[in-house]
Amino acid sequence: DGGITQSPKYLFRKEGQNVTLSCEQNLNHDAMYWYRQDPGQGLRLIYYSQIVNDFQKGDIAEGYSVSREKKESFPLTVTSAQKNPTAFYLCASTKGWGHGYTFGSGTRLTVV
Amino acid sequence: SQQGEEDPQALSIQEGENATMNCSYKTSINNLQWYRQNSGRGLVHLILIRSNEREKHSGRLRVTLDTSKKSSSLLITASRAADTASYFCATAPGAHSGGGADGLTFGKGTHLIIQP
Numbered sequence: 009d010g011g012i013t014q015s016p017k018y019l020f021r022k023e024g025q026n027v028t029l030s031c032e033q034n035l036n037h038d039a040m041y042w043y044r045q046d047p048g049q050g051l052r053l054i055y056y057s058q059i060v061n062d063f064q065k066g067d068i069a070e071g072y073s074v075s076r077e078k079k080e081s082f083p084l085t086v087t088s089a090q091k092n093p094t095a096f097y098l099c100a101s102t103k104g105w106g107h108g109y110t111f112g113s114g115t116r117l118t119v120v
Numbered sequence: 069s070q071q072g073e074e075d076p077q078a079l080s081i082q083e084g085e086n087a088t089m090n091c092s093y094k095t096s097i098n099n100l101q102w103y104r105q106n107s108g109r110g111l112v113h114l115i116l117i118r119s120n121e122r123e124k125h126s127g128r129l130r131v132t133l134d135t136s137k138k139s140s141s142l143l144i145t146a147s148r149a150a151d152t153a154s155y156f157c158a159t160a161p162g163a164h165s166g167g168g169a170d171g172l173t174f175g176k177g178t179h180l181i182i183q184p
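Chains as they are written, first to last, in this note's numbering: chain G, 9 to 120; chain P, 69 to 184.
These are calculated hints, taken from the structure and not from any lab test. Please note: incorrect hints may appear among the correct ones.
What the hints assert, rightly or not - In silico BS3-like cross-links for lysine-lysine, where the CA-CA straight-line distance does not exceed 25 angstroms:
(1) K65(G) / K79(G)
(2) K94(P) / K176(P)
(3) K124(P) / K138(P)
(4) K124(P) / K176(P)
(5) K17(G) / K91(G)
(6) K137(P) / K124(P)
(7) K176(P) / K17(G)
(8) K22(G) / K79(G)
(9) K176(P) / K91(G)
(10) K176(P) / K65(G)
(11) K65(G) / K94(P)
(12) K94(P) / K124(P)
(13) K103(G) / K79(G)
(14) K124(P) / K103(G)
(15) K137(P) / K176(P)
Stated by the list, open to error - Computed footprint of chain G on chain P; a stretch qualifies when at least three of its residues, placed anywhere within it, have a C-beta under 8 angstroms from a C-beta of chain G:
(16) 84 to 98
(17) 175 to 182
Note that the Cβ used here is the ideal one computed from N, Cα and C, for glycine as well.
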């Protein structure tokens with residue numbers, strides 16, 4: 009079955025470390041997205057990519073970086089510049105304009 | 069900035085009753101979507117309604133859209149315990165702004181609890 013796989017499910021980061029969250033999809037979708045969700049809050053857009061080798065900043069891109077070298081993969085790196093990284097991170101993809109999003113099951117990142 | 073805002077923030081009803089959630093937004097949209105999120109999980113797409121549509125049905129779900137009032141409602145009929153979840157509305161901006169490929173904008177959600 010097609011879908012989006014996020015890994016790991018839980019991730020712990022020490023102060024000053026960079027960590028990378030994985031997002032892989034086998035839906036043949038061009039557009040992929042990273043969202044951040046804080047407790048009791050909605051989702052905020054970090055980065056998105058509409059096509060391979062191209063990506064755009066979302067509303068809260070500071071302290072994050074991404075790459076899109078393959079259609080199937082859109083990894084997110086949380087850098088040490090992100091001062092408050094503890095959150096639930098969700099990856100999504102869509103067939104395109106006018107279609108719903110398919111979400112992964114999320115990665116919960118905690119700073120220790 | 070958050071485009072959609074759901075109302076109420078939380079809703080508790082008895083199993084079998086109908087649940088209604090509302091969403092208001094600020095700018096023009098191409099479409100509006102509703103998602104469900106179970107605790108600690110990813111979001112699941114429920115239904116999409118386009119700006120030129122007024123009502124849409126999917127099983128026990130009924131969505132309405134009033135673009136003049138910039139509002140939408142989600143009705144879940146004959147609720148079940150399994151409907152307990154958070155429900156989010158998300159808006160895709162108008163065509164001149166990318167139409168949604170630039171990313172949906174989500175509200176903070178309505179937490180629905182179905183009492184057995």
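Hint numbers not upheld by this structure, sorted from lowest to highest:
Hints 8, 16 are the ones this structure does not satisfy, whereas the remaining hints hold.
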